[in-house]
Amino acid sequence: MPPHFQPAAANAAPPRRQPVFALVGNPNCGKSTLFNALTGLKQKVANYPGVTVEKKTGIAYSQHGQPMTVIDLPGTYSLAARSPDEAVTRDVLLGRRADTPVPDRILCVVDATNLERNLYLVHQILDLGRPVIIVLNMMDLAAQAGLRLRVGRLEQELGVPVIPCEAIHGKGLVELRLAMSRPDLPLSRHAWDVPTAIAPAVSELQASLTAHDGKPPLVARAEALLLLTDSDEMRVAGSAPLHARTAEILSHWKKRWAADGTDWAGTLVGSRYDAIARLCSGLAERGATPVRASASDRIDAVVTHPVWGWLTLGAITAALFLSIFTLAQYPMDWIDHAMSALGSWVTTAMPPGDLRDLITDGAIAGVGGVVIFLPQILILFFFIGLLEDTGYMARAAFIMDRLMSRVGLNGKSFIPLLSSYACAIPGIMATRTIEDPKDRLVTILVAPFMSCSARLPVYLLLIPALLPNAVMPIPTKVALMVLMYALGTGGAFFFAWLFKRTLLKGEPPVMIMELPPYRRPRLKDVALHMAQRAGLFLKRAGTVILGLSVILWFLTAYPKAHDGASPQEQRAQSFAGRAGHALEPVIKPLGFDWQIGIGLIGSFAARELFNSTMGVVFAVEQTGNDDTDRDSLRTSITKARWPDGRPLFTPLVCLNLMIFYVFALQCMSTIAVVKRETNSWRWPLFQLAYQTGTAWLVCFIVYQTGRALGF
Amino acid sequence: MSAPVRLSELAIGTSGVVHSYPKAGAAFLRLREMGLLPGTAVTLIRAAPLGDPIEIKVRGYHLTLRKSEAEHVLVEIATS
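Order-wise, the sequence lines are chains A and B.
Heads up: the first sequence at position 130 corresponds to 130 in the working numbering, and the numbers run straight through without jumps.
Every number in the working numbering is 1000 more than the matching position in the second sequence, counting from 1.
Among the hints, erroneous ones may be present.
So the derived list for chain A, only partly shown, Cβ under 10 Å to chain B, looks like this [as the list claims (entries may be wrong)]:
1) Asp-104
2) His-169
3) Asp-297
4) Ala-397
5) Ile-399
6) Gly-411
7) Pro-516
8) Arg-520
9) Asp-525
10) His-529
11) Gly-645
12) Pro-647
13) Thr-650
14) Pro-651
With a straight-line Cα cutoff of 35 Å, these simulated DSBU-like cross-link-like pairs (lysine-lysine) come out [claimed, not checked]:
15) A:Lys-438 <-> B:Lys-1023
16) A:Lys-55 <-> B:Lys-1057
17) A:Lys-500 <-> A:Lys-254
These are calculated hints, taken from the structure and not from any lab test.
Glycine included, C-beta positions come from ideal geometry on N, C-alpha and C.
Build out the structure end to end from the sequences listed, making use of the hints.
Here it is, written out as structure tokens:
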């Protein structure tokens, strides 16, 4: 045993409180499946305070029924962090986060089919001097690939328990629980010498980390090694900073090495891989190597083919949209009906008054406005979960990277932007797969430009109104619809390009990504993922949306008009109506009057509310049938006039109104979700301002040009 | 051994051994940490439908990187 391991061994008495296990591993090593299998539904998903990184904790039970806490740390290839997720993994393991207990024991999940690269992270973790259990996952796939692993030998070399496992089939879990229950887990006896070129720096840093940062000697050594490969710029909220003295020593050495040409990081990484190569020699016995290309390679030959690749991507996209527009419609209608039934029930059960209106028009309508998004969110996350767990997501990013790179993003922004055509909310929630914080923020900022399904009713109302006295040919309708989608998409790409060059200028984007072998997804994992996403949305966004709905209700209900006033009189003199009037000078250059202004304000709760708000404003009788309602509304808006008798909804105004809906961020659910995902009000408010500004500017140009041309 | 060529210019399906690449830069450090080191065998599997990024096989797994990074990675092709 190397001398530096002894002090910690003395401290490694079994903890008295409930033991805390950290679960770590490379991406795609089956870590989430193992976590789900160990903890079942006993999971809690929250955020690490100050960062939008998911904190997943669960309770597993030992063979004797003792509860054990398991923290599922974000997957990473190395403890040298490149993204906020990876920084959290590093900081929890190093005990830098005050909000998370330092794990007593570490479960390292290793993909048995890909030993060398997976062992790199293990190698860094062994340095920490904590009891480690290695879980060799995907043993079945390794066997299929003709790989026979000598588990006993790895256990002997490292001196820590190595548990072969097939998490997806639940195999090896009993053995793993037994190992986790052991009170006397050994420390690794893997000896590895720090390369001589950097050894003096490591001891100096270790001494300073012990003296000034209060780290135990072993953790200090591990952290010293890490500091050499970690740029340390990836500091996230909640992580304790380095002592000034330590930082000084670090920059001193880096300067010195830079001057004499020492490749300190490369030497360190190389020496770890050398140690791993020694470890792996004689570990794996390759059986007859399969002559045929693996199934994964054969799938990839089609899926990333210059012709078939695009067709596959198109087919998957089409399937996604078909299911959203057809499948989601049923539960959305049910929710809609249930909410109106609940509203009518309250209306009959309660005496008329403000309280009743608050419940029906504020609370129930607000909750309904939140819940109505659930079917789309669930379906989208079902698809995203499937795409991620099978491995296709990485292929989509691979195919799309070139196009996305034109505007400074990378292929990983593709799926979130694509999802936003259905609804920006799940799209924005799906940006968590983008590691680079700036790329992620840019994607969030432009996602609402993608024309979501809530804009459809508005387009459907206004497109036929463009030709009031004639029936519009279907190709023209389709072309106009496509034009709206193209405008939004163009806007998203333009602003992504602009933000990447100005506001969120970063390093040139890199796209270093693993293409994992295709794997059969486990429906249980996908379902759990869906449920967790839906829960997060309901809990966090729901409260904000409910609050905003009540405010919006108040604005349309107060101050009260005289008794017996019609709904449109009430609207006209409410705060919203006054705001509409106040807004008129601002929106008049776009061709909109105060009545349209009320519609714009009202659709803030949800864009499709534009139609019903306009229905109230123009006193259209509601029949409950969307198509008939839309037709009668269209007839009545074509009769609307300015005070001087000019028609209000000219073709140019209808077109302009649609353009306004393409660009403006009229969706408080999106604002609530962006607030949650960026952890501040700054970005959602910025987004609201710049999108509304863009909408106004584009509409101004279109309307004024149109007028000048005589439309 | 012939003179090293850029990884971005390897023909599809050819293998080689990494000769050298720049030591500075987060992207290159990440490539090292993912096991692409001088002396490591590498095979160019394919390019994406639009020509960029490329897919390589290294240490038994598949990795993609853009040509802008790959052109700095020099590879020696084993002459058989």
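Which numbered hints fail: Hints 1, 2, 8, 9, 10, 11, 12, 13 and 14 contradicted; others consistent.
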